[in-house]
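Enquirer: One line per chain: the protein sequences are G and F, in this order. Its first residue numbered 1, the first sequence is counted upward by one per residue in our numbering. Its first residue numbered 1, the second sequence is counted upward by one per residue in our numbering.
No lab work stands behind these hints, which were simulated from the structure alone. Values in this document were obtained by computation on a predicted structure and should not be read as measured data. Be careful, since some hints might not be right.
[As the list claims (entries may be wrong)] For lysine-lysine, the following DSS-like pairs were computed, each having C-alpha atoms within a straight-line distance of at most 25 Å: (1) G:K57 <-> F:K145; (2) F:K79 <-> G:K55; (3) G:K57 <-> F:K66; (4) F:K66 <-> F:K150; (5) G:K15 <-> F:K150; (6) G:K68 <-> G:K55; (7) F:K309 <-> G:K54; (8) F:K179 <-> F:K27; (9) G:K29 <-> G:K68; (10) F:K79 <-> G:K60; (11) F:K309 <-> G:K50; (12) F:K145 <-> F:K27; (13) G:K22 <-> G:K57; (14) F:K304 <-> G:K54; (15) F:K66 <-> G:K60.
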Amino acid sequence: MPNKLIEKIILSISKILNEPIKNVTMASKSDDFNRWDSLNHVRIMLEIEKITKKKIKTSKISELNSVKAISEYLS
Amino acid sequence: MLFHNPLFLLAFLPIVFILYFFISKNKKNVRMYLLIFAGIIFYSVWNFKLSPIIVVSILINYYFGKRISDSLSVIIKKKILIISIIFNIIFLAFFKYADFIIFNLNIIFSSNFEFLNFPFPLALSFVTFQTIAYLVDCYDGNVIKHNLRKYSLFIIFFPQLIAGPIVRYNSMISQFEDKKNSSIIYKNICIGLIVIAIGIIKKVLIADNLSILVDQGHNINEQLSFIESWLISTSFTFQLYFDFSGYIDMATGIALLFNINLPQNFDSPFKATNIINFWQRWHITLTNFLTNYIYNPLLRSFRKLTFYKSMLGTFIVFIIAGLWHGPSWLFIIFGGLHGVGIIVNQIFKKFFVFKINKIIAQIFTFLYINFTFIFFRSENIEDALRIINGMFNLSRTAELSFLNLSTNSIYAFVASILVCFVCKNTNFIIIQLRQKNILD
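Construct the complete structure from the given sequences, taking the supplied hints into account.
Expert: What follows is the structure, encoded as structure tokens:
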């Protein structure tokens, strides 16, 4: 998966979670952030769909609860 | 047939277990047919006449799943998926909610439609959710090879047929196909039997003894004092937990005898520190289903996602969850109260920055959950209000005169408090046993 895409996704996650970008890394998981709740999870998914122009499968959404899982799903 | 029934424990389960491992491990198909046949018998013992309903549901949904996967056009796939989900909802509504709908129509239009009085096929609520998850998996391309035998087993595998947990197709079938699971694993048998025993203790010694107290209290709820009302309401909260989690423990243990791991469904729910946390610990597989297949698609369907829209989505999901539990306004109120609880939690999380002491948070959460479960148990709204009224009637604080407290019920109540608030849960015990060489 291109690094630029990952960077864009990390930037979006940090904006949605209202976290400094340095706090969101490839190792980040939903449990690491108090604000990564069910609502923001859907927001993140919608943002990823917008960036990648790909629809995320309904059955996969809940599994994409870390930057690594998102990156693996998209690659 | 219930799991703690001697006929099941001493005849049905040992026979199926022996036959399953007696069949050569190279004949996986025959083993699967045996479990399907066992599932049909298990279901038929409850009501032979209604067992074809579950078979018909399996056949129709297998056809739907195959059509979804085989379709090359995404639009057609989507159309079949929508039709199949609507079919399943109508199928469930026909048996479970027809009289509830008629009852409400009669009130609204002052009509006099007669009730249909259909018997409700056991397990249909769980089967419907599990089927919808399967159909979405077909749509998403997660089910690659369709096989009626495997699909039938996925639906009718008897340990989780009646009361869940709600499982996913791939996670179940992959376990049946795994070579490592084809031989007897003595460690699994040991852990399975221990977990079955824990389940039986929860159900028979705790839940059943509490139910005597709860039934008695609800029969004389007009006379209950302050203490009695609290005792009845908390006893039911504990009864429901031990009944359900006990049954899930038995299901988990039984599945483990066949080397099948069922997902965790309870994680010490009364240790929750808020309502959001409660639903992450209570009936976990239902919460996951509601999140994945109702909440997420609902939120994604909104044009612009805002906090307030998401709260509306939460409330809708919990109304559906309440109604799923049973065809009554009391269940809708139960669901609605949990929806409101979560919304209040979310508002606090978003707009206020203060932390409550963990124990105080735990107590408040338990009190709120206890309050909502009054609606779950009551026969009607008047009954529920009478219990609630008793819980706030301080004029009769010390009276404990109407309830006939048996020693067993008192022991069960004390055990409930210890198990729920102090002890570790079954899943923790399973993990610990797995890590230890219990057979060495």
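Enquirer: Each hint should be assessed against the structure and marked as holding or not.
Expert: Quick rundown of the hints versus the structure:
1. For a cut-off of 25 Å, the pair hint linking K57 (chain G) to K145 (chain F) stands: about 19 Å separates their Cα positions.
2. In summary, the hint linking K79 (chain F) to K55 (chain G) is supported, as the alpha carbons are separated by about 17 Å, within the 25 Å threshold.
3. Of the pairs offered as hints, the one joining K57 (chain G) and K66 (chain F) holds, with about 18 Å between alpha carbons and a cut-off of 25 Å not exceeded.
4. As the CA atoms of K66 (chain F) and K150 (chain F) are separated by approximately 13 Å, the hinted pair is consistent with the 25 Å bound.
5. Between K15 (chain G) and K150 (chain F), the direct Cα distance comes to roughly 45 Å. Violation of the 25 Å bound is thereby established for this hinted pair.
6. Note on K68 (chain G) and K55 (chain G): the hinted pairing holds, with a Cα-Cα distance of about 18 Å set against a maximum of 25 Å.
7. Under the criterion of a C-alpha separation no larger than 25 Å, the hint pairing K309 (chain F) with K54 (chain G) is consistent with the structure, at around 24 Å.
8. Taken as a hint, the K179 (chain F) and K27 (chain F) pair is honoured in the structure, with Cα atoms around 11 Å apart against an allowance of 25 Å.
9. Restraint check for K29 (chain G) and K68 (chain G): satisfied, since their Cα atoms lie roughly 8 Å apart, inside the 25 Å limit.
10. For the suggested pair K79 (chain F) and K60 (chain G), the alpha carbons sit about 20 Å apart, so the restraint of at most 25 Å is met.
11. Between the alpha carbons of K309 (chain F) and K50 (chain G) the distance comes to roughly 20 Å, so the proposed pair stays at or under 25 Å and holds.
12. For the given pair, K145 (chain F) sits about 19 Å from K27 (chain F) by alpha-carbon distance, which is consistent with the 25 Å threshold.
13. For the hint linking K22 (chain G) to K57 (chain G), the alpha-carbon distance of about 29 Å lies beyond 25 Å, and the restraint is violated.
14. Only pairs whose Cα atoms come within 25 Å are accepted, and K304 (chain F) paired with K54 (chain G) is accepted, the gap being roughly 18 Å.
15. Restraint check for K66 (chain F) and K60 (chain G): satisfied, since their Cα atoms lie roughly 20 Å apart, inside the 25 Å limit.
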